[in-house]
Amino acid sequence: MAKEVTGREENYSQWYNDLVVKADLAEQSAVRGCMVIKPYGYAIWEKMQRVLDDMFKKTGVQNAYFPLFIPKSFFSREAEHVAGFAKECAVVTHHRLMNDPDGKGVVVDPSARLEEELIVRPTSETIIWNTYKNWVTSWRDLPILCNQWCNVVRWEMRTRLFLRTAEFLWQEGHTAHATAEEAQAKALEMVGVYADFARNTLALPVVVGHKSPGERFAGALDTMTIEAMMQDGKALQAGTSHFLGQNFAKSFDVQFANKEGKLEYVWATSWGVSTRLMGALIMAHGDDNGLVLPPKLAPIQVVMVPIYRKDEELDAILDKMAGVKKELEAAGVSVKIDSRDSLRPGFKFAEWELKGVPVRMAIGPRDLEAGTVEVARRDTLSKESMALEGIAPAIVKLLDDIQENIYNKALAFREANVRKCDDWETFKTEIQKGGFLLCHWDGTPETEEKIKEETKATIRCIPMDSYVCEEEGKCIYSGKPSHRRVIFAISY
RNA sequence: CGGGGUGUGGCGCAGUUGGCUAGCGCAUCUGGUUUGGGACCAGAAGGUCCUCCGUUCGAGUCGGAGUACCCCGACCA
-18 MAKEVTGREE NYSQWYNDLV VKADLAEQSA VRGCMVIKPY GYAIWEKMQR VLDDMFKKTG
42 VQNAYFPLFI PKSFFSREAE HVAGFAKECA VVTHHRLMND PDGKGVVVDP SARLEEELIV
102 RPTSETIIWN TYKNWVTSWR DLPILCNQWC NVVRWEMRTR LFLRTAEFLW QEGHTAHATA
162 EEAQAKALEM VGVYADFARN TLALPVVVGH KSPGERFAGA LDTMTIEAMM QDGKALQAGT
222 SHFLGQNFAK SFDVQFANKE GKLEYVWATS WGVSTRLMGA LIMAHGDDNG LVLPPKLAPI
282 QVVMVPIYRK DEELDAILDK MAGVKKELEA AGVSVKIDSR DSLRPGFKFA EWELKGVPVR
342 MAIGPRDLEA GTVEVARRDT LSKESMALEG IAPAIVKLLD DIQENIYNKA LAFREANVRK
402 CDDWETFKTE IQKGGFLLCH WDGTPETEEK IKEETKATIR CIPMDSYVCE EEGKCIYSGK
462 PSHRRVIFAI SY
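Sequential numbering of the first sequence, starting at -18, is according to the numbering used here.
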């Protein structure tokens, strides 16, 4: 399979859909646009959850859970919000099936129609704010800092494995604050958590920035984003954090008595990342041999493959491996010994590469004699022979190196594909080549929309921490004055 | 909902201007030899060719209708 994939450009989609994803992580479900995440893929997601959860807790956020079903009426309270999601909602209308009177299978029982339809949550702002109303009366009740891990459903017309599925897994944080400043600070803090997570755990260099008004979350006053660049030069929004102002508090009447005893509406944030991060990983780091997992995320960091002819050799090798495994595990490394006896080593090598395991150790008779081990790293595909003596610290260091190298490689790729552009004709051709274009923009939604219509490019963000470019210039499209450059790209 | 494409053993595909017993690769099973980069040899099993209707001496192949899935657009994280 892997060897049939050659050039990256033309086979990218093929590679992504068939090779890595279908081979190991997930598959398209019979339910339209949904996906089955296989155990190995899910293990990666679980690792993401664990790391993020720890980071959230350090900011004072606690996990909670809210219902899957949202009464339709909740949904219509916030006008912008409903406009943003109305077109992609799954709706529950009935609560019972019956045998088909004409004898074939079952049908929906028409007498079991719900008085009020239920919406399968596309996001939980409405039901959460309806709940927060009952939790908040005094300034002493604030802030509320909740997160939930759950699934949501957005009935997309077109789906794409991991990036846009009808049902996906995510976390959504929802906070309530006494002041605008506090809420804004929280939204900023959380996008910072995402950036930290993306960079240090996923080895994904991301740009933090504000969304343009046109790209904001439905109902938000400000949306901040982490934007990643995939290996084909397209942008991928990897996480967002929203400052919601008092929109939801007003819609759901969430007020508190401040220290002076006056009633005020609370200020809100929400923020989320999803299984889309899995897609980001695959497309940012993968190569023709499959997935490349950063060590901090890999469910298995080291896989050991025995090489042998006779069973006695195998016993001796497995024995040696068990010792090394113990040593590595004591150093905090997760290890798997692949002792399957029906498969040849070459096959196992290829299989673990496909799964993206960062380090492979092979021990054969030659190594047993010499006291060595063959160590191969997934990121560079290079191999070297290392002494078994003191192997654990060497592997720990190697894992760190790999983590860093994967990040640096992705960063170098991004750096090589970010460029300034000041001419509309050039823009039109350059943008199709992929990458981020730093351009002046007059700040109007009209211009943004025109550019999107003509080139499919969108404003990915107004950068906050990298590629910040505060300077006077002229809008690339309209020629009107502009005070800073923004990032344009074609995105997933 | 518009435009395009594809339905053939488990998976991926070939099948010519209609022709006789529907092939190939991978996977599977059996036996043997192998094992430091996806093993090899020998043998075996496995198919209402998406469905229905039609044309024909004869349909996987031609025509019609239906149906499912995929890709491209509009929508979106």
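Quick caveat, the hints were computed from the structure, so don't treat them as lab data. Fair warning: there could be bad hints in the mix.
Straight line, CA to CA, 30 Å or less: simulated DSS-like cross-link-like pairs of lysine-lysine [to be verified]:
1) Lys364 - Lys401
2) Lys19 - Lys409
3) Lys317 - Lys329
4) Lys317 - Lys277
Computed from a prediction, not measured in an experiment: that's the story for all the values here.
Structure-based check of all given hints:
1. Lys364 - Lys401: Not OK: Lys364 and Lys401 at ~40 Å, beyond 30 Å, violated.
2. Lys19 - Lys409: Roughly 41 Å separates the two Cα atoms, so the pair is violated.
3. Lys317 - Lys329: It holds: about 12 Å lies between the C-alpha atoms, which stays within 30 Å.
4. Lys317 - Lys277: Holds: Lys317 and Lys277 sit about 16 Å apart, inside 30 Å.
The earlier numbered hints that this structure contradicts are 1, 2.
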